[in-house]
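Asker: Chains as they are written, first to last, in our numbering: chain A, 1 to 254; chain B, 255 to 428.
Source of the hints: derived by calculation from the structure; they are not laboratory data. Worth double-checking, as some hints may not be accurate.
[To be verified] Partial pick of chain B residues on the chain A-facing surface, computed with a CB cut under 10 Å: (1) A288; (2) L289; (3) T293; (4) Y298; (5) W306; (6) N310; (7) E336; (8) D342; (9) L352; (10) H361; (11) D365; (12) D389; (13) L391; (14) V405; (15) V409; (16) D411.
[Stated by the list, open to error] The calculated label-pair distances, taken between Cβ atoms and stated as ranges, are: (17) A:G144 to B:V338: 35 to 41 Å; (18) A:V164 to B:T339: 31 to 37 Å; (19) B:G321 to A:M14: 40 to 46 Å; (20) B:F420 to A:D51: 55 to 61 Å; (21) B:E358 to A:S184: 40 to 46 Å; (22) A:T160 to B:E358: 32 to 38 Å; (23) A:E199 to B:V424: 41 to 47 Å; (24) B:A288 to A:W33: 40 to 46 Å; (25) A:P23 to B:L324: 26 to 32 Å; (26) A:R225 to B:D389: 16 to 22 Å; (27) A:A17 to B:W306: 32 to 38 Å; (28) A:T110 to B:V331: 27 to 33 Å; (29) A:T110 to B:T348: 28 to 34 Å.
Quick caveat, the model's predicted, so the values are computed rather than measured. Heads up, the beta-carbon is just placed ideally off N, CA and C, and yes, glycines get one too.
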Amino acid sequence: MRFTRIAAAAASTMLLAACGVLPDGPSPMPSDWVPTPTVSPAARADAISPDGFSRAQRMTLRVRNIGCGFIATGTGFAYDDSTLITNRHVIEDSRSIEVSTYDGTNLTATAVSSTTVADIAIIRTEESVLRSFAALAQEDPEEGSVITVIGYPGGGELTTVTGVVLGSTADPLDSAVGKVLVTSAEVEPGSSGSPVLNESGAVVGVVYAKTDDGNSLIIPVSTLRTLLAETSLLVPEALSCDAPSQTTNGTSIP
Amino acid sequence: MIDDLQDFTPPPSAPRRTRGRAPWIIAVSLLGVALLATTTLASYLWLVSSQWTSQNDELRAEATELGSELGLAQSQVATLEEQVTTLDGQLDATTERLSDLANEEAHAGDDVEYLSDLIEAYESCIANYDETLSDALRNGYTYSNSNARSVQNDVADYCDSLSEAFDEFVADAG
């Protein structure tokens, strides 16, 4: 009798233990699971060009200075939909400024202002057709940084060259207050006013001259930021052969 | 006889028979329980097995369908990649052509402005000649031969410089 009870207890225990290790049935299949795409074109929308040109190319403009007895060309870049930045010497002694985009769209400047603090000028266009604008870097590039210059050397095709920042120096042309940067990027007449971009595509300077040994001189973005913040430093230029090259009683362009 | 009856003791087989049946009952009961448990277990395992089999079939069918969809998608991707490569090439050619055209247009604009300047200067040159000639005819008495020549030379030099500028422009234009 005792054996029977023990056997029954053992059998019950084994049965319960066996129930514990029995396999479960499958859980129901999910019916509303949507996999997350690993690559979404929409997420890369900023990286997709609408027409095969990069943002930097679209924001870079060719500037034609129809002067008093001369025609000169330079480069500029869009700061907003109707404002662009170039060099003062690009727009000097001008009676009319014409701007053309990478795709041949022509714009006419309605106002021009410049400063004596640096070789920088601001051009305003009548039409707000500029669609790609420059993003200004927060800090000047450090020595050894890789930079890219986009411009219209010799008034020719839109060209991209790269180089590195070699260091800073006092402006050898005395056209700017403070330090300017020397880079190894090769520039030509017509490249003046070209945006200098860092590896992120942000503007870190503006080309304004080249040295005898083939290096380029750029106005650092810190100077540009100061000028854009301090609008009183910018003075309107009169687009006329009769007027003096710079007036002091006009409205400053922001 | 009575003594015999009193001495009679029942045979021991009856209680022995009761004790002998109990293990059988227990054994049969245990076997019954075991059979029931085994049947239940087998039924449960059959049910679970059929559920897994059913889901496995479902998953296999789904996997097969997904596999064929994947194959189709991969083939479409390959086709699209080919198209993208072709379009990339066409886009490159188009952007290059657009840059060329923009460049040509810009140069044409430069030339137009330059020629406009030159025409204005020629007009001024003709007007100067005209003015000088008229002045000389009106006030001939004020002109000596030498200063008339001087004025004429000045105007001629200016006009010659314009002609040189035009010749230079034509030579540059090729």
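Asker: State for each hint whether it applies.
Answerer: Do the hints match the structure? See the list:
| no. | hint | in the structure |
| --- | --- | --- |
| 1 | A288 | holds (7 Å) |
| 2 | L289 | violated (12 Å) |
| 3 | T293 | violated (13 Å) |
| 4 | Y298 | holds (7 Å) |
| 5 | W306 | holds (5 Å) |
| 6 | N310 | holds (8 Å) |
| 7 | E336 | violated (18 Å) |
| 8 | D342 | holds (9 Å) |
| 9 | L352 | holds (6 Å) |
| 10 | H361 | holds (7 Å) |
| 11 | D365 | holds (9 Å) |
| 12 | D389 | violated (25 Å) |
| 13 | L391 | violated (30 Å) |
| 14 | V405 | violated (22 Å) |
| 15 | V409 | violated (17 Å) |
| 16 | D411 | violated (16 Å) |
| 17 | A:G144 to B:V338: 35 to 41 Å | holds (37 Å) |
| 18 | A:V164 to B:T339: 31 to 37 Å | holds (33 Å) |
| 19 | B:G321 to A:M14: 40 to 46 Å | holds (45 Å) |
| 20 | B:F420 to A:D51: 55 to 61 Å | violated (39 Å) |
| 21 | B:E358 to A:S184: 40 to 46 Å | violated (31 Å) |
| 22 | A:T160 to B:E358: 32 to 38 Å | violated (20 Å) |
| 23 | A:E199 to B:V424: 41 to 47 Å | holds (45 Å) |
| 24 | B:A288 to A:W33: 40 to 46 Å | holds (44 Å) |
| 25 | A:P23 to B:L324: 26 to 32 Å | holds (31 Å) |
| 26 | A:R225 to B:D389: 16 to 22 Å | violated (59 Å) |
| 27 | A:A17 to B:W306: 32 to 38 Å | violated (22 Å) |
| 28 | A:T110 to B:V331: 27 to 33 Å | violated (50 Å) |
| 29 | A:T110 to B:T348: 28 to 34 Å | holds (32 Å) |
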